[in-house]
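Q: As a plain string of letters, each chain reads:
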Amino acid sequence: ILNVEQSPQSLHVQEGDSTNFTCSFPSSNFYALHWYRWETAKSPEALFVMTLNGDEKKKGRISATLNTKEGYSYLYIKGSQPEDSATYLCATKGTNAGKSTFGDGTTLTVKP
Amino acid sequence: DGGITQSPKYLFRKEGQNVTLSCEQNLNHDAMYWYRQDPGQGLRLIYYSQIVNDFQKGDIAEGYSVSREKKESFPLTVTSAQKNPTAFYLCASSTTGGSIHEQYFGPGTRLTVT
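Chain order of the listed sequences is U and S. Numbered by the numbering used here, the letters in the first sequence go through residues 1 to 112 in order. Numbered by the numbering used here, the letters in the second sequence go through residues 1 to 114 in order.
Treat the hints loosely; a few may be bogus.
Said to hold, decoys possible - Okay, the calculated bits of chain S under chain U, using three or more residues with CB under 8 Å as the criterion:
1. 41–48
2. 100–112
Unchecked claim - The list that follows gives simulated cross-link-like pairs (lysine-lysine, BS3-like), each with its CA atoms no further than 25 Å apart:
3. Lys58/U x Lys42/U
4. Lys71/S x Lys99/U
5. Lys70/S x Lys99/U
6. Lys57/S x Lys99/U
What the hints assert, rightly or not - Each pair of labels, with its calculated beta carbon distance range:
7. Thr96/S x Glu70/U: 26 to 32 Å
8. Ser27/U x Lys14/S: 44 to 50 Å
9. Gln41/S x Tyr74/U: 18 to 24 Å
For the record, the hints were derived by calculation from the structure and aren't laboratory data. In this text, all values refer to a predicted model and were calculated from it rather than measured experimentally. Note that CB positions come from ideal geometry on N, CA and C, so glycine has one too.
All chains, full assembly: derive it from the sequences and hints.
A: Next comes the structure, spelled out in structure tokens:
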């Protein structure tokens with residue numbers, strides 16, 4: 001993996017469904033991973049930051065895990081609601097690098 | 001309220017003209033960033049600055065210029081050398097200490113060049 005890759009590109013689910021998506025990144029030179037939520041007509045907002053292999057973070061119905069050895073992070077949404085509809089971006093930062101590299105995002109649409 | 005402001009929200013220019021996009025933050029963040037988003041794509045880094053009077057090229061710096069004369073301001077100039085300037089531009093800022101470094105984003109400027 002040379003870049004940050006997110007899959008799937010888009011996802012349509014029914015209200016109440018649980019869902020998850022993936023962020024894959026180069027496992028070498030890893031420093032931190034951020035998940036952001038970007039709702040339509042708003043600015044991206046940070047959800048989680050994770051730095052250690054095995055990290056798990058949770059905020060309400062949303063949780064994330066991190067595997068730095070194999071270079072992936074999962075974002076889970078339990079019982080999706082229409083207000084969860086957004087594009088979810090992941091971004092990684094290399095060791096001491098000033099910049100982050102973003103994936104193309106996963107766009108989630110939750111139908112009522 | 002603390003945050004990042006970008007102006008204007010929509011900007012229209014004729015081909016061949018330089019245009020400057022404004023980005024101001026009152027979060028007292030040392031680092032600031034400029035990203036570009038094209039339809040169906042993620043955020044691509046144009047320039048970033050970790051301290052006043054210093055900045056580095058990102059992944060797609062060609063045709064752009066920046067300055068960082070003040071901590072709170074990081075204007076981006078889209079020059080006539082940028083071949084495809086029509087895009088959505090996002091500015092962000094973050095702290096530089098510790099490991100958190102989450103970025104705070106402005107509302108964006110949509111630039112259309114015809």
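Q: Go through the numbered hints given earlier and state which of them the structure violates, listing their numbers in rising order.
A: none
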